[in-house]
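For chain A, the structure is supplied; the task is to place chain B on it using the hints.
Take a look at the letters that make up each chain.
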Amino acid sequence: LDRSPENHTGHNEHPEQGVASEGKTWVKKEREIKEDGRYLIYYDFDDEGERESRGS
Amino acid sequence: LNQLRWDPTLKEWVAYATHRQDRTFLPPAEYCPLCPTKPGGFPTEVPRESYDIVVFENKFPSLTPDAPEPEEPGGPLTPTAPGRGVCEVVLYSEEHAATLAGMSERRIRNLIEVWADRYEELGALDYVEYVFIFENKGEAIGVTLHHPHGQIYAYPFIPPRPKKELQAARTYRDENEGRCLHCEILSQEHEDGRRVVAKGEYFTAFIPFYAHFPYEVHVYARRCAPSIADLGAEERWDLARLLKRLLMGYDALFGFSLPYVMVMHQAPTDGGNHEGTAHFHIEFYPPNRTADKLKYLAGSVTGAGAFVVDALPEETAWTLRDAVESATQ
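In the order they appear, the protein sequences are chains A and B.
Just so you know, our numbering puts 60 at position 51 of the first sequence, and the rest follows in order with no gaps.
Just so you know, our numbering puts 144 at position 124 of the second sequence, and the rest follows in order with no gaps.
Just chain A, same shape as in the assembly (with noise of 0.2 Å):
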């Protein structure tokens, strides 16, 4: 059988965020709590005229 998830040993191994994640362009990442106990992320990117000209 597969590993099952109670098994599962958390080996994982990533890069280094910033290292793998060449040329990020947010300039805001922003977690909040919401009132039932669930994330709830923010990117906002800084980019000029881009939410009036979304869509076009």
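It is possible that some hints are incorrect.
[What the hints assert, rightly or not] Pairwise CB distance ranges, derived in the manner of DEER restraints:
#1 A:Val36 <-> B:Phe154: 26 to 36 Å
#2 B:Ala144 <-> A:Glu44: 22 to 32 Å
#3 B:Asp342 <-> A:Gly46: 46 to 56 Å
#4 B:Gly61 <-> A:Val36: 22 to 32 Å
#5 A:Glu44 <-> B:Pro93: 48 to 58 Å
#6 B:Pro96 <-> A:Tyr48: 33 to 43 Å
#7 A:Lys37 <-> B:Arg199: 16 to 26 Å
Because the hints were derived from the structure by calculation, they are not lab data.
Predicted model, so just to flag it, every value in this text is computed and none were measured.
Glycine included, C-beta positions come from ideal geometry on N, C-alpha and C.
Then chain B, alone, in the frame of chain A:
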């Protein structure tokens, strides 16, 4: 409650999430839970009055980080496990009626940045083995909310289809002096050319020789990059431009916003070495075989797993390539 049950006949997990029966179903636009919360208006999922791109935990998740041990113990043949994972919603834009096809290349590039960040952040969780990024678009696909959004499932296992694909790539690599199966497929498509729909500098969109849907398109990275997070800045821009062209072509194909399922296949986050077997690519499966006829996954596909397709990829690629060219001139 979220739980997994093992199917020993197909050797795969099935996720159960009974609370999903209560999820919001096609609300009118003025009650869209994915729009920003307007002053004096009803509270949506996003408290702010305006946003660029937002990610949040799905209110009706198929998997949750704190899933308890299932009350149903299962048996030796059919074990159960907590449905532990993360389900996120990615809001592409605050504009309710927008679609990915209509967004600017810059916004799509920004979205790629967010996808890459989610891949890294969710993949770093010790119980997550596969970060699956996807979008269901259109009522024909069964969407329950029209606001432009995609989803991410962070699974505690490698799901069956990517697993089968990775196993095929590993076998090919072992039998062919370490060569990447996906690189070879791409090379074959470039050499033939008939099924190529659009090309960028770093990505190619084509209808594969073995497509399961008439207008199924795969978008392959030319370089053998294992995941979206491994793409460089120029590659991300190129992917944004190519996706924009492809999606405009899809919408021009029959003269309406084409429904589709979009999925990303990439390296699992299980700690294994997937260099040379995982090759980042995006797959699109539109259900339409003509403007007014859908392909239903009936007997042969659902019961036998054997696809029967009504049109040859060489012919549909010609039509779609024409639509892409006319839409982007």
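Tested hints:
Take A:Val36 and B:Phe154: their Cβ atoms lie about 27 Å apart, and the range 26 to 36 Å holds. Checked against the given bound of 22 to 32 Å, the beta carbons of B:Ala144 and A:Glu44, roughly 27 Å apart, stay inside it. For the hinted restraint 46 to 56 Å between B:Asp342 and A:Gly46, the CB-CB distance of approximately 50 Å keeps it satisfied. Taking 22 to 32 Å as the suggested C-beta distance range, the pair B:Gly61 and A:Val36 conforms, at roughly 27 Å.
Range check, A:Glu44 to B:Pro93: about 34 Å between beta-carbon atoms, so the 48 to 58 Å window is missed. The hinted window of 33 to 43 Å between B:Pro96 and A:Tyr48 holds, with their beta carbons roughly 38 Å apart. In this structure the hint that A:Lys37 and B:Arg199 lie 16 to 26 Å apart at CB is violated, the actual value being about 43 Å.
The structure fails hints 5 and 7 (numbered hints given earlier, in ascending order).
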